[in-house]
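Colleague: Listed below, chain by chain, are the residues.
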Amino acid sequence: MGTEKTQLKVLGVRIETIRLLLRVIIFISIAGAAISSRLFSVIRFESIIHEFDPWFNFRATKYLVSHSYYEFLNWFDDRTWYPLGRVTGGTLYPGLMVTSGIIWHVLREWLSLPIDIRNICVLLAPAFSGLTVISTYFLTKEMKDSNAGLLAAIFMGIAPGYISRSVAGSYDNEAIAITLLMATFYFWIKAMKIGSVFYGTLTALFYFYMVSAWGGYVFITNLIPLHVFVLLLMGRYTHRLYTAYSTWYALGTLASMQIPFVGFNPITSNDHMAALGVFGLLQLVAFGDYVKSRVPSVQFKTFLAVSLTFVILLGIAGLFGLTALGWIAPWTGRFYSLWDTGYAKIHIPIIASVSEHQPTAWPAFFFDTGMLIWLFPAGVYFCFQELRDEHVFIIIYSVLCSYFAGVMVRLMLTLTPVVCVAAAMALSNLFDVYLNIVDVFTTSSNEIQEDKSTTKKSTKKSGVLEEKNVILPLITKLVVTLTFAFYLFYFILHCTWVTSNAYSSPSVVLSSRNPDGSPTIIDDYREAYYWLRMNTPEDAKVLAWWDYGYQIGGMADRTTLVDNNTWNNTHIATVGKSMSSSEDVAYEIYKQHDVDYVLVIFGGLLGYSGDDINKFLWMIRISEGIWPDEIKERNYFTDRGEYKVDKEASQTMKDSVMYKLSYYRFSELFGGRDGPDRVRNQDIPAADPPELHVLEEAFTSENFIVRVYKVKDLDNVGRNLFDATKFDNQLSKPLKRARTIKRPVLPIRE
Amino acid sequence: MVNWSRVSILLGVLFASVTQAFLIDSIDGNSWKNSHYSRTIDLSKSYVKELSIIEAVNTGSKPQDEYYFTVNDGFDSIPHISLISFSTINPISLEVTYEELIPNKLYKVKFPTPISPNSNIEFKVTYVITNILEPLPSKIAMDDVQSLLFRGNKFAYSPYKTEDYTLIFTGVSKGQEMELYLQDPSAINVTENAPDMKPVVDGKTLKYGPFVEELDAFTLSPMGLLYDHNRPLTFVHNLNRSVWIPASNVDKLSIEEYYEITNNGAQLSTGFSRVDWLKGRYQAVRNHWALSQLEIPSSASNFDDYYFTDLVGVVSTHQIIKDHLILQPRFPLFGQWHYNFTLGWNENIGEFLHQINNSEDEYILRVPILNAIRDASYNNTYLSIYLPENAEFVNVSSPVKFESLTVDYELSYLDVSKGHTKVTIHFQDLFDDVNKLAVLVKFKYTKLSYVIKVAKISGFVFIGLLSYYLLSLIDLSITDKKKK
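Protein chains in written order, with the working numbering: chain R, 1 to 750; chain G, 1 to 484.
Since the hints were derived computationally from the structure, they do not count as laboratory data.
Note that CB positions come from ideal geometry on N, CA and C, so glycine has one too.
It is possible that some hints are incorrect.
[Unchecked claim] Pulled a few chain G residues facing chain R out of the computed Cβ check, cut under 8 angstroms:
id	residue
1	Met197
2	Ser273
3	Arg274
4	Val275
5	Leu278
6	Gly313
7	Val314
8	Tyr413
Produce the entire structure from the sequences given, and follow the hints as far as they go.
Modeller: Now the structure itself:
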């Protein structure tokens with residue numbers, strides 16, 4: 001049989017060559033599908049950076065390519081967190097920026113393709129998704145075989161759960177992190193399987209790359225030790241395991257400490273203690289193994305019991321002791337909110353206020369992974385059936401991530417790869433059985449031969465029986481195969497639909513339709529940001545809610561008070577306070593922080609629900625956390641406890657700067673009638689419109705989404721600004737016109 | 001160092017002004033007499049166009065062909081002349097050569113034939129002045145009407161005596177004469193007993209004169225004209241216009257322009273209120289002093305395939321209406337508001353590039369200096385022409401005087417030698433009508449240099465593949481393969 005196989009040729013070409021060729025073609029197609037399905041937004045809109053965080057990454061990348069690497073690491077950014085600034089170089093994961101920087105340099109200097117850095121940033125995520133596909137293939141191949149690998153690759157390529165973070169323009173750490181995650185896992189499995197120092201080193205190398213790219217590296221730091229730990233508990237200690245883990249841990253930890261933001265975390269922070277503990281444990285087990293091979297088993301049992309108790313006690317005491325002494329940092333808030341979903345809401349509203357930190361809704365699982373979500377348990381079941389060392393890894397990974405994904409929406413991302421792998425294993429097992437038609441025919445031909453040897457009489461009967469035997473399995477196989485073919489087809493439709501409709505909007509640019517149904521683009525964000533960039537002094541400080549910090553830094557190029565790197569809760573609370581309190585309190589904050597412009601997002605005219613009034617409760621809650629005496633959430637609700645902005649709105653609400661800035665002159669648009677707020681479906685009273693005293697309107701975008709106000713200077717005759725405004729308003733109109741506002745004539749800008 | 005350079009600049013300025021004064025004084029005022037002098041000042045645009053029709057009589061004793069023309073200024077109200085041209089009308093119409101003696105002030109005209117004594121010659125001078133209009137008041141409310149102040153000499157500032165003088169303002173719907181407040185009246189020679197002229201409205205123009213009595217040479221009477229002009233003063237600080245000539249047989253010439261624009265009109269007295277803007281429907285009204293759209297005639301260019309972007313991405317508000325490309329900036333520009341953008345498109349190369357007749361590898365490129373934004377004036381215009389890699393620049397010919405010409409190289413896609421040859425011509429003070437003028441650029445590009453480039457690129461690819469193959473031959477494996 002074996003010799004026959006090697007001689008198998010089709011049209012004179014060896015079958016193995018054809019198989020390789022087919023595999024390459026399949027890979028290219030999968031990568032093509034993966035990349036092209038991520039390009040919806042580029043085709044529909046343009047090559048633009050999406051959302052919020054990518055704008056920072058983009059800005060940092062631009063800094064990196066225009067400065068040297070060391071300048072980048074030492075970058076102190078005085079344009080954010082005014083007046084504190086941010087030690088940007090030491091507080092970011094440089095992997096993403098360095099990757100695109102290297103690509104930029106290589107293309108420019110080696111291949112003479114001076115491609116704009118923006119296009120590299122936009123297309124980085126799709127390009128890396130092609131690599132993810134390949135590493136998923138190899139990982140799954142280690143789990144089962146290359147058929148399962150190919151299935152997993154195609155699933156990984158188009159699963160919306162991963163696409164959500166890797167569409168073109170979504171230039172975020174996750175874009176390359178998932179690729180590195182899969183690559184690290186593959187090399188780990190490989191290293192563990194063959195006990196190779198070489199693969200262990202590769203694991204460490206990719207682990208280092210991962211550490212440099214995403215804070216989620218902690219997941220690897222805990223998952224691999226857990227895998228080893230479980231294997232040890234199962235009594236599956238081998239020298240291979242020892243070699244692989246020791247190599248990875250020693251090299252990986254040293255390497256990860258080279259990232260400035262990580263620094264000494266691997267030996268001081270609790271998040272990393274599991275890895276260290278397992279490393280120590282592994283040494284003990286190795287020692288125990290050695291002892292076991294040298295002493296009789298009875299003595300060994302005693303030795304084991306005594307040393308085990310001793311080690312566990314010492315370990316726990318050490319952990320608590322060091323944490324108490326402050327040598328080891330306690331767990332971070334995000335970590336706690338992983339275990340207790342209510343924790344963040346009570347203790348750290350700022351973490352809870354981020355929509356991607358919310359618990360996942362059940363439909364999201366189906367939405368993000370389609371039919372894979374019900375193939376996934378089947379795949380895990382197959383892992384249990386076989387239960388090789390690497391299957392244990394998949395089991396641990398799936399159990400952990402299922403839980404995490406349930407807690408936080410954004411962790412769907414880490415669940416998706418294992419779902420793809422497990423589902424591919426399940427499906428490939430199924431196909432192994434049901435696609436094998438050869439089986440049916442081989443058995444039948446054997447039977448015919450057997451029949452021929454027996455009597456003629458029975459031949460006829462058995463022949464009829466045989467035909468039944470052939471057809472029935474064939475039909476079953478056909479039905480099952482066709483069903484799954486349909487599922488797969490439907491899965492592709494689902495993925496494309498989800499990608500196209502849910503994950504391909506840049507969120508900086510909104511698409512809409514004209515009354516006549518033709519598509520139109522709502523570009524208010526860029527309009528207002530560009531106005532800031534062109535027509536305000538270069539050192540102007542803009543106060544806005546932290547969501548828009550990165551965008552203002554990236555597009556408007558102006559100094560902000562707070563941004564999406566929410567490292568200083570008090571500062572954010574200060575901004576929240578200035579928004580939620582009355583004008584005079586806010587004015588004091590403005591003056592203390594040199595604020596020149598205040599920017600709010602208002603969607604009431606257009607019905608854009610992601611606006612500041614809807615986020616207002618979080619601002620109140622966050623500032624209430626710092627100033628419980630001054631800001632009280634209750635005061636912003638009506639007596640019946642409703643969140644209202646119409647005429648029933650509470651006085652505190654109406655007095656708040658946020659309310660005033662949002663609705664300033666809003667109802668005038670409706671010619672004396674009440675102005676309908678289309679987000680909250682409430683009418684803003686035309687009588688008694690909000691009046692501004694310490695701020696004046698500076699710019700409002702076309703659809704009112706972005707409203708920019710200028711902070712007035714102190715009055716030049718020493719009145720307080722309330723009197724001054726009142727006086728101005730009392731003047732007759734022509735006189736009022738004559739009042740001019742000092743605005744410096746500005747030089748042109750780039 | 002600094003002091004010395006300052007001193008030298010001071011000296012230079014002093015020297016220049018002394019020579020200038022000397023030059024003007026040295027003109028023989030009796031050689032000509034202007035028997036008829038009519039000035040028409042067009043104020044309908046954001047820059048000022050002046051047309052002077054002069055009939056001069058040779059009062060000398062010999063035939064002469066040199067006439068000194070001084071720009072009608074006299075008190076430095078004109079900062080810069082954009083483009084000046086002279087042509088005779090009578091007896092024949094001909095373009096006339098001239099020599100610039102003092103930039104923006106004094107020109108020496110040389111007629112095609114000498115004029116005999118007591119004979120007439122009629123000729124016209126047109127010139128455009130940019131940067132002279134200023135809004136007054138400088139800050140107004142959104143629903144106010146913008147008025148501009150024009151400063152100028154009421155009379156002809158000629159080195160010769162003038163009879164029969166007329167001054168006409170066109171393009172003014174409503175205006176009034178203003179007395180100018182001069183910073184230092186003693187510094188200029190205001191003619192003491194200048195005659196008083198009252199304007200009359202004649203049709204759609206404002207007419208001073210005709211004043212038939214003889215006026216002295218260098219009559220100077222500064223005047224201001226305050227008039228309603230409810231259109232933006234579009235001002236392009238910098239225009240970088242780049243024209244890329246392809247090396248291969250692509251029939252497209254790609255042009256990309258980067259603009260930095262400002263509205264030099266009145267500033268908004270308050271912050272910008274979108275409510276007022278929407279209520280007044282100013283976006284739809286063409287006559288508002290805020291610059292909300294830029295009109296570029298598309299008849300001259302081929303805007304089938306164009307892009308309009310700025311530093312944060314694509315701007316979606318643009319369309320072609322009739323034969324104009326309308327670009328709408330992200331926000332309306334009020335006085336002193338800035339905006340910048342990039343506009344790019346492709347042209348059919350046949351209309352621009354020509355091979356020189358009996359030469360294999362010499363080409364001539366003819367490109368308009370500008371792409372006209374309606375009613376705009378341009379401060380700096382950098383016209384960059386990117387010749388194919390290894391092309392040799394020969395020379396350039398321009399109908400408009402340029403400040404500088406630089407030739408350097410820029411690396412672009414797949415440039416494996418020193419890069420595209422980049423020829424940059426710097427113009428100053430242009431206005432939209434200049435787009436009718438074109439520069440000619442002559443260069444050499446041999447077939448061989450194209451072949452060399454292609455061969456070089458394929459050579460690199462080959463070396464890359466070969467080195468990959470050679471590297472793959474090296475056995476780095478730790479384990480022994482044979483054992484397996």
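Colleague: Can you give the numbers of the hints that this structure goes against, from lowest to highest?
Modeller: 1
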